[in-house]
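Novice: Each protein sequence line maps, in turn, to chains P, R and L. Quick note: the first sequence, position 93, residue 93 per the working numbering, numbers continuous. Quick note: the second sequence, position 20, residue 20 per the working numbering, numbers continuous. Quick note: the third sequence, position 58, residue 58 per the working numbering, numbers continuous.
Honestly, the hints are just simulated from the structure, not real lab data. Keep in mind that this is a model prediction, so the values were computed, not measured. Possibly wrong hints are sitting among the right ones.
No copy is singled out in the list; a pair is fine if it fits within one copy or between any two copies.
Claimed, not checked - Under the rule of at most 27 Å between Cα atoms (straight-line distance), these lysine-lysine pairs were calculated in the BS3-like manner:
id: 1; residue 1: LYS58; residue 2: LYS30
id: 2; residue 1: LYS58; residue 2: LYS88
id: 3; residue 1: LYS30; residue 2: LYS88
id: 4; residue 1: LYS114; residue 2: LYS58
id: 5; residue 1: LYS58; residue 2: LYS37
id: 6; residue 1: LYS36; residue 2: LYS88
id: 7; residue 1: LYS88; residue 2: LYS114
id: 8; residue 1: LYS36; residue 2: LYS114
id: 9; residue 1: LYS96; residue 2: LYS58
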Amino acid sequence: MQMHDEQSSCSGMILISTFSDEQSLINLSKTLVVEKKLCACVNYTRINSLYVWESELKQEEEFIAFFKTTSSHIQSLKAEILAHHPYKVPEIVIIKMDDVSSEYLSWIINNTHKG
Amino acid sequence: MQMHDEQSSCSGMILISTFSDEQSLINLSKTLVVEKKLCACVNYTRINSLYVWESELKQEEEFIAFFKTTSSHIQSLKAEILAHHPYKVPEIVIIKMDDVSSEYLSWIINNTHKG
Amino acid sequence: MQMHDEQSSCSGMILISTFSDEQSLINLSKTLVVEKKLCACVNYTRINSLYVWESELKQEEEFIAFFKTTSSHIQSLKAEILAHHPYKVPEIVIIKMDDVSSEYLSWIINNTHKG
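Modelling step: build the complete structure from the supplied sequences, incorporating the hints.
Specialist: Encoded structure:
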């Protein structure tokens, strides 16, 4: 019942960020998932990046990470990642899930911080 | 002409899910693309996942899959994947395409079930 | 101040496309990022694709690319990629960022073409 109430008032959200170093991504993810409970799950994979930094073309290997949470926690998650991210200007992009299976949304809600 | 009519009334949709086993993902994808025609295309890649399951931190390799379809088929696709997914609580996340090239949307429409 | 004005009137956008050949993707990306300044950054990775083409099931390796830009440039970026893409019917899917850190959005704005 309470789960139903909470579902009707919150949406699933995906926060996307990139990291140069797998271990710092894993450490931050553990803090966010286990300790702070600001997201229920992190998926990440190796990616190639191409961009200009200080007028120079960069081609690098990075890790792209997808943090799954709800609208209740998305602003705290964003602030926490910004505060602990190793980059000066990290990519922090947020996409709202337009739909999500209700059991998976419940699982996210139940694996993130209450209140 | 009919294609135009159909385009104006439907949007492109992406369904995201994760799987532990590549072969079951391929088998399900073939059923959805070839037999049931509920999506036109599946992209997938290996991904690392970090989450808590039954109070224990899990770090696993999974496959993340992106199923491309239209708003006409998205609910049937969701139901079909939920019904045949090997996980107890699978991730089923849906993102609406905010825009899509009209030829690619036509291709999705033409490679999914009519009516 | 001007940055603030520009931020308030534009959103971050992600254009997703797939390519069969890494070098043509890199070449197109360099043109878009360095010369034309229609996007600030491209991320890409290898992906497996499964679809039907001319009644035949195809299973192929491709590269999926994410081009990061703003609403000011998204239509020019889409047209440019469509014009130079090696595929007959390329996937061109656009997702609007529902939120983005203001510094990262500024970085995208400052690394794309003005006016």
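Novice: At 27 Å max between alpha carbons, let me know whether LYS88 reaches LYS114 within a copy, between copies, both or neither.
Specialist: Result: close only across copies, 23 Å inter versus 31 Å intra.
Novice: Between the shortest in-copy and the shortest cross-copy C-alpha distance, which are at most 27 Å for LYS114 and LYS58: within, between, both, or neither?
Specialist: Result: close only across copies, 21 Å inter versus 42 Å intra.
Novice: Cα distance capped at 27 Å. Does LYS58 pair with LYS30 within a copy, between copies, both, or neither?
Specialist: Classified as between: cross-chain Cα gap 10 Å, same-chain 29 Å, threshold 27 Å.
Novice: First find the shortest C-alpha distance between LYS36 and LYS88 inside one copy, then the shortest across copies, and answer within, between, both or neither for a cut-off of 27 Å.
Specialist: For LYS36 and LYS88, the Cα distance is within 27 Å both inside one copy (23 Å) and across copies (25 Å).
Novice: Pop the pair LYS96 and LYS58 into one bin, within, between, both or neither, using alpha-carbon distances up to 27 Å.
Specialist: between (30 Å within a copy, 25 Å between copies)
Novice: Please sort LYS30 with LYS88 into within, between, both or neither, judging by C-alpha distance up to 27 Å.
Specialist: Intra 21 Å, inter 23 Å, cutoff 27 Å: intra and inter.
Novice: At most 27 Å between alpha carbons: which applies to LYS58 and LYS88, within, between, both or neither?
Specialist: Answer is within; shortest intra-copy Cα gap is 16 Å, inter-copy 30 Å.
Novice: My question is about LYS36 and LYS114: at a cut-off of 27 Å on alpha-carbon distance, are they close within one copy, between copies, both, or neither?
Specialist: within (11 Å within a copy, 41 Å between copies)
Novice: What label fits LYS58 with LYS37 when the C-alpha limit is 27 Å: within, between, both, or neither?
Specialist: between (35 Å within a copy, 14 Å between copies)
In summary, the structure agrees with every hint in the numbered list given earlier.
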